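Novice: Take the sequences, apply the hints, and build the full model.
Here is how the chains run, residue by residue.
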Amino acid sequence: MSDEFYLELSENPVQFENASSVNNVFFDEANKQVFAVRSGGATGVVVKGPDDKSSVAFRMDDKGEVKCIKFSLGNKILAVQRTTKSVDFINFIPDYPHLEFSHECKTKNASILGFCWTSWNEVVFVTDQGIEFYQVLPDKRTLKLLKSQSINVNWYMYCPETAVLLLSTTVQGNVLQPFAFKSATMSKMSKFEIELPAVPKPAKLSLSERDIAVATIYDQLYVMYLKHHSRATNSPGAEVVLYHLPREGTCRKTHVLKLNTTGKFALNVVDNLVVVHHQSSQSSLIYDIKLRELDGALNVHQPVLPAQSINPYKIHLTGPAAAPSQAPVPCELYSSSWSVFQPDIIISASEGYLWYLQVKLQPTLKLLRDKGKLMDFLLRRRDCKMVILSVCSQMLTEGDKGNLSVVATVFDKLNQVYKEYLDAEQAYTAAMESGPSRSSTSYKRPVRTQAVIDQSDMYTHVLSDFTEKKGVKHKFIIAVLMEYIRSLNQFQIPVQHYLYELVIKTLVQHNLFYMLHQFLQYHVLSDSKPLACLLLSLESTYPPAHQLSLDMLKRLSTANDEIVEVLLSKQQVLGALRFIRSVGAHDNISARKFLDAARQTNDTMLFYTIFRFFEQRNMRLRGNPGFNQGEHCEEHVAYFKQVFGENALMKLATA
Amino acid sequence: MLMISPRMASGMQEKQYAPSLLSFFIYNPKFGPREGEEEKKILFYHPIEIEKNEKIRNVGLCEAIVQFTRTFCPTKPAKSLHTQKNRQFFHEPEENYWMVMVVRNPMVEKPNKDGKPPTVEYQEEEIIDSVYGSVLKQCYSMYKLFNGTFSRAFEAGGVELLTQKLEKFFYRYLQTLHLQSCDLLDVFGGISFFPLDKMTYLKIQSFVNRVEESLSLVKYTAFLYNDQLIWSGLEQDDMQILYKYLTTSLFPRHTEPELAGRDSPLRPEVAGNLLHYGRFLTGPANLKDPEAKFRFPKIFVNTEDSYEELHLIVYKAMSAAVCFMVNAAVDLSREFCEQLDSLVGPQLTLLASDICEQYNINRRISGPEKEPQFKFIYFNHMNLAEKSTIHMRKTASVSLTSVHPDLMKILGDINCDFARVDEDEEIIVKAMTDYWVVGKKSDQRELYVILNQKNANLIEVNEEVKRLCATQFNNIFFLD
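Line order of the protein sequences matches chains A and B.
Residue numbers for the first sequence follow our numbering, so the first one is 1 and each next one is one higher.
Residue numbers for the second sequence follow our numbering, so the first one is 1 and each next one is one higher.
Take the hints with a grain of salt, since some may be wrong.
Claimed, not checked - Okay, the calculated beta carbon distance ranges per label pair:
hint, chain 1, residue 1, chain 2, residue 2, range
1, A, Val583, B, Asn286, 54 to 64 Å
2, B, Ala470, A, Arg620, 51 to 61 Å
3, B, Glu124, A, Arg620, 51 to 61 Å
4, A, Val637, B, Glu425, 26 to 36 Å
5, B, Leu217, A, Thr541, 23 to 33 Å
6, B, Arg364, A, Gln492, 12 to 22 Å
7, A, Asp383, B, Thr255, 55 to 65 Å
8, A, Lys529, B, Glu125, 26 to 36 Å
9, A, Lys529, B, Thr255, 41 to 51 Å
10, B, Pro33, A, Thr541, 54 to 64 Å
11, B, Asn362, A, Gly630, 48 to 58 Å
12, B, Asn362, A, Leu606, 41 to 51 Å
13, B, Pro195, A, Gln492, 17 to 27 Å
What the hints assert, rightly or not - Okay, derived cross-link-like pairs now, DSSO-like style, lysine-lysine, Cα gap no bigger than 30 Å in a straight line:
hint, chain 1, residue 1, chain 2, residue 2
14, A, Lys475, B, Lys466
15, A, Lys264, A, Lys366
16, A, Lys371, A, Lys469
17, A, Lys475, A, Lys360
18, A, Lys385, A, Lys475
19, B, Lys198, A, Lys469
20, A, Lys529, B, Lys198
21, A, Lys371, B, Lys244
22, B, Lys198, A, Lys371
23, A, Lys253, A, Lys290
24, A, Lys108, A, Lys147
25, A, Lys63, A, Lys144
26, A, Lys529, B, Lys466
27, A, Lys473, B, Lys466
28, A, Lys473, B, Lys198
29, B, Lys466, A, Lys570
As the list claims (entries may be wrong) - Here are a few chain A residues that sit away from chain B, every Cβ distance over 10 Å (derived from the structure):
hint, residue
30, Phe92
31, Gln149
32, Lys188
33, Pro363
34, Leu365
35, Gln496
36, His517
37, Leu550
38, Phe613
Since the hints were derived computationally from the structure, they do not count as laboratory data.
Since the structure is predicted, the reported quantities are computational estimates derived from the model, not experimental observations.
Every residue, glycine too, gets a C-beta built ideally from N, C-alpha and C.
Specialist: Structure representation (structure tokens):
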């Protein structure tokens, strides 16, 4: 059963003291830190981050109820908001005085809605009348105003990944004004309007921050709007509307995710998938905005998989109430005490847990029947490699054999990604070689994602096992191998020789030599020395392999020595000599090697011819027909004399 | 080796008679071992009108010759008998089954003055044993392709069935033997392969594999384009004879009506929403015809071991022809043919235009005018690949050559010389009228080149051939 749950909570959650009357809990999305503030900080503040290093514990004076508490990036400066007028700061930089200083917002009569850190020392105050961008000077214990902007603000939302701040403006609150922050600068981006399902009369605040989330999906910033079911529009269910927010240019509505139900929802983004949690049905849906729907309007998406609950989770009770050996108890999923944060965080403040939401890919294999769609889906996931490889293995060896066109589709999809990576890598190498100074844009080495499944992966994890599997028809094995080679060729990816060897091995095993011959004839199995040698080894079972091998060596044009060896081993001494002469390398060959071979044939006329050839070569090269000491031909000279007589030796021409 | 051809041009008034078939018979000595039962040995005799005793005499003579020559070499009895007027060829394709073909030598009729009857001069040396020996072997292979072996027929239905089959087959087949135009190519029985780039070839592979997967009845597939082979799922020997049948009989039969404008293949069929040009060359001529018969020719393959009987379905779209071979035990229905048509038709049409496009691209790259116009025949014993720039398009009736028969004869002679030894060889012949004929043999490959260069000397001819090898055969290991 458990392999049906495709969503799960992380194994190692961040645990903190649960919220209570004496313990307030805060979460900072930028640093992903949970603050447990006991008694306003007087009895301690415990900060737990995603890893142990970022955990901090300290005390501070209780100066009133804490509304918001956040570290700047790198835990350098702590900011605490206790009133609507000011924010207090405490240095956490070593060697700086650990003293609080306070800063009031500059706009009169404005009340601070909150603040966000944009770097280790830059902070934005968001007030109901605008924003104020400050640089904190910890040594002087003051703040310097960098920029401010006045605008009526209903509420705000900050995306730490992109440092984009989103402000809700106008009476209805549906006009959103984004600002981007980057090293002491603040830039206003173009505002946009969220389409409300119904316009209330008289106008009142109609867009709640609960229905808006900001996240990066496939490296692009999106504003996600949870558009509730409206009786007026007669729509079948709620939807999530995605607005693409580019760095430059206008924001556009780009995707609609159909939820097909109503109720309370929460959003996460995990591995570039939009996850929509539905509380009343205790289940979640996932959407991939890159997955094209075959039917329906463009960019209207249905869930990739059927709705499913998050994998049941058990927690160990801790604290004084729990006995040490007590069995873990099931955790209540989709609890109303859950808070969901972007991109992938779920917090249960009442239980003191912070989880990361994760997508498990293995269950998708069963749930997504269409292999092409499944591949599209998997190739875009982070930890997809082994799952993809297992899909390939299954597709080939399962009882319900995927038919060849499915196999072809899958291979093509894999090789498309593989080729893109190879091209990027090549472009990078080329750019590096041409000199990094010349190129204005700095080239980044392409990242090899797990989706890049190369030939060696396919060979090791899929094909070599598959070809040895009992009970699979050899016709199918060969068809699959050829299909993979076809796909590689189609994407102009050079095929590695071990794939050819696999083809040859399979063909030879089933005595399909004529097929092999035809493949070689059409150069489907590309030439290489290893392949030529493999063919040579097949000669005893299939004599034509000899010719095929020689042809291949000839085409390689770098294998002249091998050709000579092959011919000599066949006692074709004259042929070897004629060949080496035709390629113009006869001045560098070893006379002894040829004479040895000629002697072995027991053909004295042949020996004579070969001997004479080398005498002539010696003459031409050194002006003397005799052999050099280093050539070790004494034995052959003696034999020549013995058979043909001393006089037969070539004489030095006398002038 | 340099030889000067002794032949001279013939006179004008003479009448030349090409070699022709005198008789053709098949016998098995075991079927009538006793005296008085000799007739039982004879399984087939052409021409049928020959008187019984003469048949018996002729068979007896052949038997005697074979028996006699066997005493000299038990494993290799006589293959042919040369006489002044004719030449007899013997072939024992199956144990004790003998096929004999008697060919009348070509002759010249010289008119005599003074009203005397013309003198007939037989040209005994004009016929090449290897050429007609091969023709005889081909007769058997073709019979076997469509009928299986002699012994199987005998086992199944005795002499009666066997003689029935032989008569039915050879009565028609012998009429299609054109002994006057047999030449070196008959010795090779080669296959012309269609030159193709790797990617298109792989697409064809993929097509064949997918069709075989979806139509699981299909056991073997062969793919041809422009009457040239691209892929064979059959073993080489079976493909060799099937190729011969397709290219010399089936395809020409369908091309000629096409050329004549009847049965225009350019009327596309619509399957689903796809236009296609596919049609059956064997089986139903028109699928929509309610009277259509779904009978296909049957062929026998792998007769040495598994002995399979198969339906031969030949399906063509534009220049691409595919043979699908299905176990003969299965009855092929209208549904199957319709399924095949709708599956294969559109794909094959697309593939055919792909191949055509690729072929034109490749031809443009290599440049058709760049290569010198050599007349040559190339043959590789290993894969039976054959390439001839001497022969024109084959038709059902005759194969046309663009060179004088005398030159073809020289090619045949060189081939015989090559067959005698295993070593690589090269023979250059100076023929009459400024022709040079060069034969080269390297490992399993043979190349014959005919050059017509006025006043060329041996060295120049050699250089010319080297140039040809460098341009045409640079991707194979061909010793020069």
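Novice: For every hint, state whether the structure bears it out.
Specialist: Checked hints:
Under the hint 54 to 64 Å, the C-beta atoms of Val583 (chain A) and Asn286 (chain B), about 59 Å apart, fit the expected range. Checked against the hint of 51 to 61 Å, the pair Ala470 (chain B) and Arg620 (chain A) fails, with Cβ atoms roughly 25 Å apart. Between Glu124 (chain B) and Arg620 (chain A) the beta carbons are some 52 Å apart, a value that agrees with the proposed interval 51 to 61 Å. For the pair Val637 (chain A) and Glu425 (chain B), the supplied restraint of 26 to 36 Å holds, since their beta-carbon distance comes to about 31 Å.
At roughly 32 Å, the beta carbons of Leu217 (chain B) and Thr541 (chain A) sit within the given window of 23 to 33 Å. Hint check: Arg364 (chain B) to Gln492 (chain A), Cβ distance near 20 Å, so the stated range 12 to 22 Å holds. For the pair Asp383 (chain A) and Thr255 (chain B), the supplied restraint of 55 to 65 Å holds, since their beta-carbon distance comes to about 59 Å. Checked against the hint of 26 to 36 Å, the pair Lys529 (chain A) and Glu125 (chain B) fails, with Cβ atoms roughly 50 Å apart.
With their beta carbons about 45 Å apart, Lys529 (chain A) and Thr255 (chain B) fall inside the hinted range of 41 to 51 Å. The hint said 54 to 64 Å for the Cβ distance between Pro33 (chain B) and Thr541 (chain A), and at roughly 43 Å that hint is violated. Judged by the Cβ atoms, the range 48 to 58 Å given for Asn362 (chain B) and Gly630 (chain A) holds: they are separated by roughly 50 Å. Under the hint 41 to 51 Å, the C-beta atoms of Asn362 (chain B) and Leu606 (chain A), about 43 Å apart, fit the expected range.
Restraint check, Pro195 (chain B) to Gln492 (chain A): a C-beta distance of roughly 21 Å satisfies the suggested window 17 to 27 Å. For a cut-off of 30 Å, the pair hint linking Lys475 (chain A) to Lys466 (chain B) is broken: about 43 Å separates their Cα positions. For the given pair, Lys264 (chain A) sits about 29 Å from Lys366 (chain A) by alpha-carbon distance, which is consistent with the 30 Å threshold. Under the criterion of a C-alpha separation no larger than 30 Å, the hint pairing Lys371 (chain A) with Lys469 (chain A) is consistent with the structure, at around 22 Å.
About 35 Å separates the Cα atoms of Lys475 (chain A) and Lys360 (chain A), which puts this hinted pair outside 30 Å; it is violated. The hinted pair formed by Lys385 (chain A) and Lys475 (chain A) meets the criterion: a straight-line CA distance of about 28 Å does not exceed 30 Å. Our distance criterion of 30 Å between C-alpha atoms is met by Lys198 (chain B) and Lys469 (chain A), whose separation comes to about 29 Å. A C-alpha spacing of about 19 Å is found between Lys529 (chain A) and Lys198 (chain B), which places the hinted pair at or below 30 Å, so the restraint holds.
About 44 Å separates the Cα atoms of Lys371 (chain A) and Lys244 (chain B), which puts this hinted pair outside 30 Å; it is violated. Restraint check for Lys198 (chain B) and Lys371 (chain A): the C-alpha separation of about 28 Å stays at or below 30 Å, so the hint holds. Only pairs whose Cα atoms come within 30 Å are accepted, and Lys253 (chain A) paired with Lys290 (chain A) is accepted, the gap being roughly 15 Å. Restraint check: the Cα-Cα separation between Lys108 (chain A) and Lys147 (chain A) comes to about 16 Å, which is no more than 30 Å; the hinted pair holds.
A threshold of 30 Å between alpha carbons decides the hint, and for Lys63 (chain A) with Lys144 (chain A) the separation of about 24 Å falls inside it, so the pair holds. Proximity of Lys529 (chain A) to Lys466 (chain B) is assessed by CA-CA distance (about 27 Å); at most 30 Å being required, the pair is judged to hold. Pair hint Lys473 (chain A) plus Lys466 (chain B) does not hold up; C-alpha atoms about 47 Å apart against a cutoff of 30 Å. Distance hint between Lys473 (chain A) and Lys198 (chain B) is fulfilled; the C-alpha atoms sit about 25 Å from each other, no more than 30 Å.
For the hint pairing Lys466 (chain B) with Lys570 (chain A), the CA-to-CA distance comes to about 25 Å; that is within 30 Å, so the pair holds. With a least beta-carbon separation of about 64 Å from chain B, Phe92 (chain A) lies farther than 10 Å from that chain, consistent with its non-interface assignment. Once the 10 Å rule is applied to beta carbons, Gln149 (chain A) is consistent with being away from chain B; the minimum gap is 59 Å. Every CB of chain B lies more than 10 Å from the CB of Lys188 (chain A), the least distance being 53 Å, so the non-interface label holds.
Pro363 (chain A), annotated as away from the interface, keeps every beta carbon of chain B farther than 10 Å; the closest lies near 29 Å. Chain B leaves Leu365 (chain A) outside its interface by the beta-carbon criterion, the shortest separation being 23 Å against a cut-off of 10 Å. With a closest Cβ-Cβ approach of about 16 Å to chain B, Gln496 (chain A) is found to remain outside the 10 Å limit, as its non-interface label requires. Non-interface call for His517 (chain A) relative to chain B: violated, since the shortest CB-CB distance, roughly 6 Å, does not exceed 10 Å.
The claim that Leu550 (chain A) is not at the interface with chain B is violated, since a C-beta of that chain comes within 10 Å of its own (minimum 4 Å). Every beta carbon of chain B lies more than 10 Å from that of Phe613 (chain A), the smallest distance being close to 16 Å; the non-interface claim holds.
Checked against the numbered hints given earlier, the structure breaks hints 2, 8, 10, 14, 17, 21, 27, 36 and 37 and satisfies all the rest.
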